[in-house]
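K.L.:
Here is how the chains run, residue by residue.
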Amino acid sequence: MIKVENLSKKYGDLVVLKNISTEIKKGEVVSIIGPSGTGKSTFLRCLNLLDEPSGGSIFIDGENILDKKVDVSKIRQKMNMVFQSFNLFSHLSVIENLTLGPIKLKGISKEAAENKSMDLLRLVGLAEKAENYPDELSGGQKQRVAIARCLAMEPEIILFDEPTSALDPTMVSEVLSVIRRLAKEGMTMAIVTHEMAFARDVSNRVFYMDQGLIYEEGSPKQIFDAPKKERTKVFINRIRNLVSKIKTQDFDFYALNGEIEGFCEKQLISKLMRTNLLRVVEELLILYKPYLSKIELELEIAHSEKTNQLSLICQTKGKKFNPLDNKDLEDDIGIKIIRKFTEVVKFKWADNQNRLELLFIN
Amino acid sequence: MIKIFLLIFYLLLSLQANANEEMQPIANLEDLKNKKIGVMLGSTHDAFAHKQYPEADILQYKSPADVLLGVKSGKVDVGIYNSVSLTEILKLNPDLGVIDKPFEFSPVGFGFNKKNVELHAQFNTFFQTIKDSGVYADMIERWTKKGITDMPKIDTPNKNGLLVAGHISDGGLPFVTLRNNENIGLNIELAKRFAAYLGKDIRFDDMEFGGLIPSLNTGKIDFIAVTLMFTEERKQKINFGEPYYEIGMSAFALKKNIAAFKQEKKNDSNAPTFLEGLANNFQSNLIQEKRYLLLWDGLKTTIIISILATIFGTFLGGIVCFLRMSKNKFLNIPAKIYISILRGTPVLVILMIIFYVVFASVNINPIIVATIAFGMNCGAYAAEIFRSGIEGIEKGQTEAGIAMGFNKIKTFIYIILPQTIRRILPIYKGEIITLVKMTSIVGYIAVQDLTKASDIIRSRTFDAFFPLILIAILYFLISLILIQSLDYLEKITDPKYKRKVKTKS
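Chains V and X, in that order, are what the protein sequence lines are. Count along the first sequence starting at 1, add 49, and that's the number in my numbering. Count along the second sequence starting at 1, add 53, and that's the number in my numbering.
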């Protein structure tokens, strides 16, 4: 359906894409992952010529769209795009956002377009917001409307440019589930995303892009479980972490909780694990609290996307001090809770630095 | 508009200042040497005052009425004007008096373009004819001696085309004045007879004194139908027709400042009350001689110029904005230059340049000139307003339209334009109102707008307060109506308002 040959893109001297050749077949869901700044979005935007490629050719259904004679607008109608920043038309209501294209471009009657659009809004669960305006919707709702707007044009392929990156962590899943549904229904899609777990379970094929190339491609299983090339391995096995410093006894506990929840949401950590993490953090902070007027606590939560391993590291400076190793609190409920949820507890004191590492039971 | 408020402010201030000053009464012309003297800009009085009284503080006004008001309000101590018209003016203004006797008598005549020798010769032949037939003597008798102010009926048939005469409608009787919205006087009768003699129709363009000779030499008018005094300087620029009268100058001042009138008793005992005064003002400024017609015509002109200039300016602004936003150097650099020039020069100067320079030899309706000048100015500002509006819209909106399959033009029409309009309306509203007020300067190119109408009324009634306040109110009303209707437009273009209406119905 889309065939790319030797596609390259330069901004002046900066080479963003280097001779990319690949193919996306009908019904395929392709996820494009990789570190930021490696040309993932540019690649996608070159496919519908929002960015003009510097060289190579792109065939859509056998037609080279870089040919000057081709009516690009017509071809774009076949391959709509969902943007990171939604880009809903702010002067139009939700329903008008959906009907504008079909009415003006396809010449469909207003009534027919509205009926169709209402069906699509039902599909994304936003039928009751039809008369609302974009600025009255949440981020997740906006993105679902944007997806419905794409569908209204009945495209053969949808390009998703980081559809969840601009969303609050709490709203990511509503958008992802809509995309999952489309995948199930056989929609051809190309998705640039940072949501590894999502990419893994929604796509047929994964492109790992690095340094302007499709560095490695393969099935999700191949890429995520057995990457062959060095850079892919590093990327897949990297560990994401959240660090926060607690300096006083009066720190904002709720803000910290919110941050942790957001992090878990983003890392797709299970609900149970999340609850456990929060409880352990709370108990640990109670243990540390009496000392917080004198010492500074650095709390680090680390998560490996590959192994789904979650760990909690507490570091303080000064004399040797381990809150878990306190004879007076042998029967303390807090310590019991901590020991229940974490399996390996490592404590190290070196260079005037205390490091307590807890590993969560999976 | 600002001009008007400044004038009012100045008048009020000068009244204040006046009360505190007690000046030495003026006995004779010698005493003028260290006074403040008001004259009409570019007149022979102006030249005379500068030559004769180098020590004096000479203020140059734009019209006879302003000289008179200057004297009445005490901004100048003495005014100098032609002795014949002054006699008529003083009849209406008992608080003014003439100092000594008229002086510097000089022949007066019409002015002709040096290049148009034919018309000049025709006038001289014509003048000889009416002198011989006694018509001329009769005219002088009627206007200047008997004071009969009825115009005889003269047919000007438009057989051989149109003759355009430049004149000053508020010159004062017996030469010219405006009554019932119609020009009358010796000058008018003479000019009309001349037109009739040529078998032509005649049009009188009302101008500022200083604009007469430039207009003649750029071909805006065919001849000057004003009592032009013969001077060497003028002879170099224009040809004078046969002199038809001889007039001198007189200096005049408030009677209380003139030694000869000092003894006169004041009888202020039955001064009118405020309301009576207002009623009198209303009567003299509006009803008498159907002066409301002047205002009505002026109002129409102001509105027409405003509307045409707004439409033209918006259109031009759109084009300039398009050029300015183009990536092509050859398109955006001229647009940038246009914008900076138009924004960096006063509209009045642009207006005069277009009238006297660009369309110098073209017979063009001054209203069109005004429309072009104001439209060009408005266009420069509008272009920048549009640009900021368009650039303020996120790039994503365009991208979404393009990605959906709209081409660039359709994306602009359906997606960018509606959002731009909503954004710029509040600023644009201010721009249009500024434009309306700006039109108050069109009097400079002989267009009779609202401000000019008030100038004419002031010149007849010598009342500054009432006409100025009246047109201030009229301008305010125009602006108010404009603001209201644009507010409404702003409201109905608000998408949420549309929904409200929808759910109601």
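Just so you know, the hints here were simulated from the structure itself, not pulled from any lab data. Quick caveat, the model's predicted, so the values are computed rather than measured. The reader is advised that the hints may include incorrect statements.
[Unchecked claim] Which residues of chain V face chain X? A few of them, derived with a C-beta cut under 8 Å, are:
#  : residue
1  : Leu149
2  : Lys153
3  : Ile157
4  : Ser158
5  : Gly174
6  : Lys178
7  : Glu180
8  : Thr219
9  : Ser222
10 : Ser226
11 : Phe390
No residue lacks a Cβ here, since even glycine has one placed at the ideal position from N, Cα and C.
K.L.:
When the hints from earlier in the document are held up against this structure, which numbers fail?
P.N.:
Violated hints (numbers, rising): 3, 4, 5, 6, 8, 9, 10 and 11; every other hint is consistent with the structure.
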